[in-house]
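Number of protein chains: 2
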Amino acid sequence: MRIERVAIIGLGLLGGSIGLALRERAPGIVTTGFDANPQVRARAGERGLVSAIAQTPAEAVREADLVVLCVPVGAMRDAAEAIAAALPESAIVSDVGSSKQSVARALAEVLPGRCVIPAHPVAGTEESGPDAGFATLFVGRWCILTPPEDTDPEALEALSNFWAGLGAKVEVMDAAHHDLVLAVTSHIPHLIAFTIVGTASDLEEVTRSEVIKYSAGGFRDFTRIAASDPVMWRDVFLSNREAVLEMLGRFTEDLTALQRAIRSGDGETLHDLFARTRAIRRQVIEEGQETARPDFGREH
Amino acid sequence: MRIERVAIIGLGLLGGSIGLALRERAPGIVTTGFDANPQVRARAGERGLVSAIAQTPAEAVREADLVVLCVPVGAMRDAAEAIAAALPESAIVSDVGSSKQSVARALAEVLPGRCVIPAHPVAGTEESGPDAGFATLFVGRWCILTPPEDTDPEALEALSNFWAGLGAKVEVMDAAHHDLVLAVTSHIPHLIAFTIVGTASDLEEVTRSEVIKYSAGGFRDFTRIAASDPVMWRDVFLSNREAVLEMLGRFTEDLTALQRAIRSGDGETLHDLFARTRAIRRQVIEEGQETARPDFGREH
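As you go down the protein sequences, you meet chains A and B in turn.
For what it's worth, my numbering labels the leading residue of the first sequence as 1, then goes sequentially.
For what it's worth, my numbering labels the leading residue of the second sequence as 1, then goes sequentially.
In isolation and in its complexed conformation, chain A is listed as follows (with noise of 0.2 Å):
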C-alpha cells in the first residue's frame, strides 16, 4: 500500500505544516487542501502549503490515498461527514487531534467500514492559522497511532511509514491509554497556564502592566502556552473531560499538600519535592525532547 495523494482538511499550524513537510521532505507526493475559510484558502495557496487548494472538501479528496483532518477535535464529525459521499474506497482517513476516544467514536460512526486510523503528533507551537507552520515542526517529535482492533495491519503500516517519513518518531497506543497520558502531560498543563494568566490579570492590588513587567520571574514561560488556539483547546477539555478531571484531581490534591506545608514552615516537604522535580527535566533533555541551553535557548 503506498501513499501518492494526501488530503489535507484544515490549514492551519498541523495541516499547514504537514504540507510544507511533504513538500520538503516526499516531492513525489501531490497533496491537495480544503479550509472551511476561504482566506486561509487563499493564504495557504499564497504559501504552497498543498500543491492544489480545493474549493470544497468533496472536491479535495475525492483521489486521496491518505485523508488527514486537520480541525479543531471539535469539528471532526462535521469534517468526516462533509468528504463521506466523496471518499475514495480504499483512502485511509486519519487527523491530528489532541484527544483520541472521542475522535475514534466520532468517525467511526460517520464513516462505518472505512478505515480510520486516529493519530496525534505530539507537536505544535503556540502560534496558529495558515501561517504559522513549517516543515521541521514534526522532527523528532512524537507521534501517537491509536488504530482501532480490527485495523488493517498494511494500512497502519502505510500511516505509520508516512509521520516517519516527516521526522516523527512513531508509536502505537491504545486511544483510552492516551487521552491519560496526554491529560497529564499536555491537557493539564495547559488548564493550569490558562488558569494562571488569568487570575494574574484579574487581581485589583497588583496591576496588569506589573504583572507583565515582571512575568520574567517565571510567569511568561506559562504565558505561551495560555496563548494556543481558544477552539482547539476548548475543544480538547470538552472531549477529553474525564481524564482531564481525573489528573486535575491529583493535581489539586499535591498542590494543596505544599500548600499546607508551606503554611505550616515545613521546608523539608517544599525541598524534597524541589529537589526531585530538577532531575525530570534532566530526563526530558536526555530524551531530545527539549534543548539543554538554559532559558529554552532564549537569546539573552
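Just so you know, these hints were derived from the structure itself, not from any lab.
Everything numeric in this text was worked out from a predicted model, so none of it was measured.
Glycine included, each C-beta is placed from N, C-alpha and C at the ideal position.
Some hints here could point you the wrong way.
Unchecked claim - Residues on chain A that point at chain B, a partial pick, calculated with CB under 10 Å:
#, residue
1, S209
2, G267
3, F274
4, E286
5, R293
Given the coordinates of chain A, assemble chain B onto it according to the supplied hints.
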C-alpha cells in the same frame, strides 16, 4: 557617592553574573567575592567571576563601597552577621533575594544604623552554581529596589546607577507590594510548576517514561522552572508565606471554576478565558520581556 569596590557574597548564578557583568561593562570596579562552599570559591576563581576571591566574608567586604548578598533568602541573616564586624561604616548593603520584607527585617536587625537597600533583579535561569552565571543576565530585565523610608537618596541613586550599569531597568517599590507582585509573577508559577512535575512523575497509570516522551505537548515548559534551585525556592516560599498563600487562594478559586466549566460542558466560559489569555502574551512580548519567536525561539 561612587561605587568603586564591590563585594559579592555568594558566587552562584546571580553573584557570578554580577561579577561577569561588572568585568565586561565596568572594568574599573574592583570586585571581591566569597562563597561558603570552598569548591564554589575555587571554580569562581577559575572562571574569573570576581577580581579576587576572599577566604572569609569579612575579608571580602573590608574595603567595599557596596556589598551584594547573593545567597538564598533563608541564609541572608547569617551572611549579614558574618560581615557585620568588618563592614566599612559608609558601605551600602544590598542583596538579590526574591522576597523582600523578610530580608529587609533580617538585615535591619543584624546591621542597625547601616545603609541597607534590599533589591531584587527579576532575572535568572533554571541553572545554578558558579558555572551558571553570564554577563548579560540582567540586560533589559527589571531590578526592583525596596529602600526603607529613611534611605539616603544618594545611596539609592548610586545603587540605581549600579544596576542600570549592568543593563537593568530600575524600579523603586514598597517591599510589601514587591512581595505581592512577585508572588503572582514568579512564586506561584514556580509552585505550580514544581507541583505538576511532581504529580506527573508519581502516577501509577502513566509511567514516568511516557511523561518524558510526550512532554512536548506542554509539560516540558513546566520542567524548566521546576528545575530551579531547591534551596533558593524553599526559602522563597517560607519567607513570602502570606502573599504566596493569598495568591494561591485566588488561583485555586479560578481553577475550580474552570473545573466546573469542563464538568458541565460549558465551552463558552473556556473559550472566553482562552481568548483573553492569548492577548497577555502579546503584551509580554511588546514589553520586551519575552521573545516573539514561536516556542521561545527553541531550535526546530
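Hints versus structure:
{"no.": "1", "hint": "S209", "verdict": "holds, 8 Å"}
{"no.": "2", "hint": "G267", "verdict": "holds, 5 Å"}
{"no.": "3", "hint": "F274", "verdict": "holds, 4 Å"}
{"no.": "4", "hint": "E286", "verdict": "holds, 8 Å"}
{"no.": "5", "hint": "R293", "verdict": "holds, 9 Å"}
Against the hints set out earlier in the document, no violation occurs for any number.
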